[in-house]
Amino acid sequence: GAVVSQHPSWVICKSGTSVKIECRSLDFQATTMFWYRQFPKQSLMLMATSNEGSKATYEQGVEKDKFLINHASLTLSTLTVTSAHPEDSSFYICSARGGAGRTGELFFGEGSRLTVL
Amino acid sequence: KNQVEQSPQSLIILEGKNCTLQCNYTVSPFSNLRWYKQDTGRGPVSLTIMTFSENTKSNGRYTATLDADTKQSSLHITASQLSDSASYICVVSAERGSTLGRLYFGRGTQLTVWP
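Residue numbers (the working numbering), protein chains in the order written: chain V, 1 to 117; chain R, 1 to 115.
One chain only, chain V, in its complex shape:
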């Protein structure tokens, strides 16, 4: 099946630094990618929807200046956590929509665990 790759799988950074997470669709073109955040024992929370070549659509309560999303190509979307703080520590997951039509499959990446010290 289709594969979505995230990198890095885990990252530790100092408070105040910025961290970039990449999401790649390896064997299909993804016009839309989604970014989620997941706290321990919680379900996925949609942060933003990223469409190739256009600005991302952010969910209510998600700071667009804090979480910068770039979807420059049909196979790559990036999430940059700017000026990270300990409360930004979380598991970040991306997903990419493959195929066309109403039942287009949705593939998830393996997730990236961010720890801010």
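The set of hints was computed from the structure by calculation and includes no laboratory data.
By construction, the Cβ of each residue, glycine as well, lies at the ideal position given by its N, Cα and C atoms.
Hints are not guaranteed to be accurate.
Derived Cβ-Cβ restraints for the label pairs, each shown as a range [stated by the list, open to error]:
no., chain 1, residue 1, chain 2, residue 2, range
1, R, 67, V, 8, 37 to 45 Å
2, V, 13, R, 18, 42 to 50 Å
3, R, 8, V, 39, 14 to 22 Å
Listed next, the stretches of chain R that the computed footprint assigns to chain V, with coverage defined by at least 3 CB atoms under 8 Å from CB atoms of chain V [what the hints assert, rightly or not]:
no., region
4, 39 to 48
5, 104 to 114
The calculated DSS-like cross-link candidates involving lysine-lysine, where the alpha carbons are at most 27 Å apart (straight line), are [what the hints assert, rightly or not]:
no., chain 1, residue 1, chain 2, residue 2
6, R, 1, V, 64
7, V, 14, V, 66
8, V, 20, V, 66
9, R, 57, V, 14
10, V, 64, V, 14
11, V, 41, R, 17
12, R, 17, R, 57
13, R, 17, V, 20
14, V, 20, V, 41
15, V, 41, V, 14
16, V, 55, V, 66
17, V, 20, V, 55
Take the given structure of chain V and dock chain R to it, following the hints.
For chain R alone, coordinates are given in the frame of chain V:
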């Protein structure tokens, strides 16, 4: 309000036993319903996807059912294995034009299989 409710929140069963997880939703208009398995610290993996016209779909030992009239779905796991221990997430998609619409996630059922 569009919501997805899953039950039970957690479940412990013995290896080899069967179990059924429930998902009730109020999402409208409905497009499709998906079940995902998420191992701890990993991304979700798709088990099944069902549209309005589908009542049941199987994937190995996993069988999903859908009753679009009552807005209920279930995921039945047969002959459970230790590797089935994971969180099972129900995701419902709202229809929006001809494209995949907004996704609504359940909180998941945490399944633990004991030897």
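We went through each hint and held it up to the structure:
1. 67(R) - 8(V): 37 to 45 Å: 42 Å, holds
2. 13(V) - 18(R): 42 to 50 Å: 45 Å, holds
3. 8(R) - 39(V): 14 to 22 Å: 20 Å, holds
4. 39 to 48: holds (count 6)
5. 104 to 114: holds (count 5)
6. 1(R) - 64(V): 25 Å, holds
7. 14(V) - 66(V): 16 Å, holds
8. 20(V) - 66(V): Holds, at roughly 12 Å.
9. 57(R) - 14(V): 47 Å, violated
10. 64(V) - 14(V): 21 Å, holds
11. 41(V) - 17(R): 24 Å, holds
12. 17(R) - 57(R): 20 Å, holds
13. 17(R) - 20(V): 44 Å, violated
14. 20(V) - 41(V): 24 Å, holds
15. 41(V) - 14(V): 25 Å, holds
16. 55(V) - 66(V): 15 Å, holds
17. 20(V) - 55(V): With a Cα-Cα distance of about 17 Å, the restraint between residue 20(V) and residue 55(V) holds, given a limit of 27 Å.
Of the numbered hints given earlier, the model fails hints 9, 13; all others are met.
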